[in-house]
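Peer 1: Okay, here's what each chain looks like letter by letter:
There are 2 protein chains.
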Amino acid sequence: MKSFKIALAQFSPYIGNLEANAQKMLEQANEAKKQQADLIIFPELSLIGYPAEDLLLRPSLKKRTQKAFEQLSQIKDIVVVFGFVNETEDGQRYNSAAVMKDGQILGIYNKQNLPNYGVFDEKRYFNEGHQHLVFEYLGHKFGVLICEDVWSLATVQQLAQLNVETVLVLNSSPYEVGKPQHRIDTMTALAKQLNLNLAYVNQVGGQDDLIFDGTSFLISKDGELALRAPTYQEGLFVVEYEAEQQRYKTGEQAAALDTMAEIYQGLVLATRDYVQRSGFPGVILGLSGGIDSALTLAIAVDALGADKVQAVMMPYTYTAQISVEDAAQQAKTMGVTFGIAEIHSIVNSFMQTLYPFFGNSPVDTTEENLQARARGTLLMGLSNKFGNLVLSTGNKSELSVGYCTLYGDMVGGYAVLKDVYKTIVFELAKYRNSISEQPVIPERVISRPPSAELSPDQKDQDSLPPYDVLDAILYAYIEEDLSQDDIIAKGFDQAVVEKVVRLVDRNEYKRRQGAIGPRITSRSFSRERRYPLVNGWKPGL
Amino acid sequence: MKSFKIALAQFSPYIGNLEANAQKMLEQANEAKKQQADLIIFPELSLIGYPAEDLLLRPSLKKRTQKAFEQLSQIKDIVVVFGFVNETEDGQRYNSAAVMKDGQILGIYNKQNLPNYGVFDEKRYFNEGHQHLVFEYLGHKFGVLICEDVWSLATVQQLAQLNVETVLVLNSSPYEVGKPQHRIDTMTALAKQLNLNLAYVNQVGGQDDLIFDGTSFLISKDGELALRAPTYQEGLFVVEYEAEQQRYKTGEQAAALDTMAEIYQGLVLATRDYVQRSGFPGVILGLSGGIDSALTLAIAVDALGADKVQAVMMPYTYTAQISVEDAAQQAKTMGVTFGIAEIHSIVNSFMQTLYPFFGNSPVDTTEENLQARARGTLLMGLSNKFGNLVLSTGNKSELSVGYCTLYGDMVGGYAVLKDVYKTIVFELAKYRNSISEQPVIPERVISRPPSAELSPDQKDQDSLPPYDVLDAILYAYIEEDLSQDDIIAKGFDQAVVEKVVRLVDRNEYKRRQGAIGPRITSRSFSRERRYPLVNGWKPGL
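Protein chains in written order, with the UniProt record's numbering: chain H, 1 to 541; chain Y, 1 to 541.
I should point out that these hints are in silico values taken from the structure, not numbers from a laboratory.
Note that CB positions come from ideal geometry on N, CA and C, so glycine has one too.
Worth double-checking, as some hints may not be accurate.
Said to hold, decoys possible - Examples of chain H residues toward chain Y, derived with CB under 10 Å:
1. 369
2. 377
3. 380
4. 407
Make the full structure from the sequences, and use the hints.
Peer 2: The structure is reproduced here in structure tokens:
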């Protein structure tokens, strides 16, 4: 028995690019060696990245994996544990971990528990493994598990019975509010219960709608946290095992983030990774003087830098003067490119062209939608001409009830606040203002009553319940999966609940054509909530 | 042993509406009794419909299923076999069939083989069954299987070993080109191999992107086809088993459809069901004088009737006079409401508003997209004002390579030709003209070179390879999953293949925001091809 060092590589892969990922893993292994590490572990499926979706089914994946193994075989004098897709001779495909040293594969572990719920579709791609992997190294007995495995008590118990001292857990565990601490709490209890050291390494980075927060950690079998890596940061974290004390020495202890900081920084990371990895030079967004676009602008600037962000105010008859002022002020404070494009002539030309068709039909939301679509088309024109990605600014409350215009304010490639309820939008705006010397979002934007400004003196509350009530009903219906009757039974007004539920159900078609956006809740509108469009399910019980 | 009659209910459920489905099943059972049937079988999951997606996870499903069982218990004097979601006391959820008589459940079968590939996600929802169900009735031994089960030779063999004479197979098997005949051919071989009678009943109707074609059948154990129900039609089909001859008497033999008829009628069914079940009074589409919108119009009229269809021609500077003439002629021939809305003033107002931003930037596709988005916004305005659903008219070839404008010609709730390659669009147009006395699509629309008419003298072939080459490459890349290198090795021009593959990969973001549309191939752009947007996979091997 001797002392040794483990490096946890909190790694941000480029999904699908095995060559680039292997190269980066090689560099990280060399860096770990410089820090005297004996062992380096990478997250689940680190070679291709998670989730690679149907890329996992491409026939040439096996060849690409072999090539990447050749790259990794250049790593010398350190044991490397990493995730890869294991396609076997008998036609099976596993979500696997390899233990490699000096180009030799010492062992392969196939994930046993495949999540196939929520955002996960692993049974579409993988077969289940049925065997544990244990290896001795430096006089210490290691086991390997992959993500969902460690949430199955039966699986971990079996491994514990093999006299393993430290379990290396490779993860690609997506973020949701509170998840970083929840993992640590659960794993601390598990480590103590089974008397195991747990080295938990998690992927970091944004991938489409998923945020991976990292927050890797190492828990000693007595429940002591020997390492807590920072949330949302790529990096290499080395922990030492002291043979004499038979325990891991306490290393870096990154602070846990407060809820608003956790959400805000997650949105920043997701936006940065989406924009940069898609190859856009920058972003453009419509700045309305309202709080959603104001917060989106702040996130964009924090993600990319002011020089990469263009904001456009597109006023019309119903736009308040203070909206224009506040938009201009924020743009100035944040130092972004700002322009004003009035939409009167465009809306007029649409109305004139449609007049022969509309005749004397009464004015309704059609005319409001024309304003939103004029703005959407302007933003897309600027995007097409200069290459910046359009950020969509709608929040989860609006998207839930369809309080948004398809092809209008919904245009864009990334919807930063897609999974953020309006009540949380307010909290995030206040949080962002609290962390800089002068507020980046004008106070008036936060304090004035929300309005879409699509008709005279319009307020959101004219057609929607107050946001605290709306969000509570939405949370119960969407996140908690309660029925209409259940929600009414909780004490909410019957007519209001019926209206909200009906709107959520009816607006699935809008959400289906909306941009993707980062997931922060346990039930986002994405691969996680799959409802048919033609749908005869009646609200009620 | 005695003679008896089986009714196959080729049933079109309303997804999620268990009450309505149970009511219709009750009516069909009574109709079957009138025809002296002793047994009636419904498709897989007939009570909730297929696929119900995350409705299957709603907590109140169990109560709703119980209520529907009460409705069905009113059926007397006939054995009913139907599909339902079986949620057991121990928290398992199965895709099941019930055998019911006079309100008593005689047996329950839980599906053993759960497809979780392609368009299927059954492992997200269901546990696997592990037991066969066999019942004797009228001196005859029946077994029950559900859809995927009958494609597992091991499963069917086990059932055959229980001395079953007739297997009742409940299906919700989605259509793709040639599938109706393929099922019959495969099942004929299986019936003979295992000496089993197979009564195969399939769901019919459009459900979002899936078409269920019906084409139910009954094959005697000697391989004789005793029944072939028509493709795409709801109905009740009764077959008699003659005890003396110990075989099924030959009943209705619907003709197999030629390929183009099969596709065309499938698109008609899908469009009708989507529009009607979503509750739209009718549809509206942009008629450009090109073949895609011409074919979409014909399908819409055949699906809904001319009085439910509105067509709008939206000419601009680059629109040829013959385009306007041909559009007007087709609208007249088909008897649909037709209007013309010129878009010059709208495009001009956009250009003037954007001029201060664009400055002296050279003209590019931005200006083309403005035309497409002006048209999209006009269609959406008309849709919002009068309630008609916008049909999107793009084809699979265009969508594959992104030769279409997001929020422009891509607007709409249903994309009728989404899974139809351009070369098939031509075939379908000719087919449709061939079945009516006078052609409904003007000959010139079919014969002139395709053009988006977004810039002077533009032809599709200026920026794309000829459609027969393009479609062959797309088919190899998308349906056959060949790599770029594989396709080049087949003899296609390297530069052309590289360009096409790059375009397909890069335009995933457009497709992700596009309307749904009916699936007719083995690899549609829908739940069947799930690629990440941020995607570093390199073309090549």
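Peer 1: Could you run down the list of hints and mark each one as holding or not?
Peer 2: Do the hints match the structure? See the list:
1. Interface hint status for residue 369 of chain H: upheld, as the beta-carbon distance to the closest one in chain Y is roughly 5 Å, under 10 Å.
2. Taken as an interface hint, residue 377 of chain H checks out: its beta carbon lies about 4 Å from the nearest beta carbon of chain Y, inside 10 Å.
3. With its C-beta approaching chain Y no nearer than about 6 Å, residue 380 of chain H sits inside the 10 Å limit, and its interface hint holds.
4. Of the supplied interface hints, the one on residue 407 of chain H holds, with its beta-carbon coming within about 4 Å of a beta-carbon of chain Y, less than 10 Å.
The structure fails none of the hints (numbered hints given earlier).
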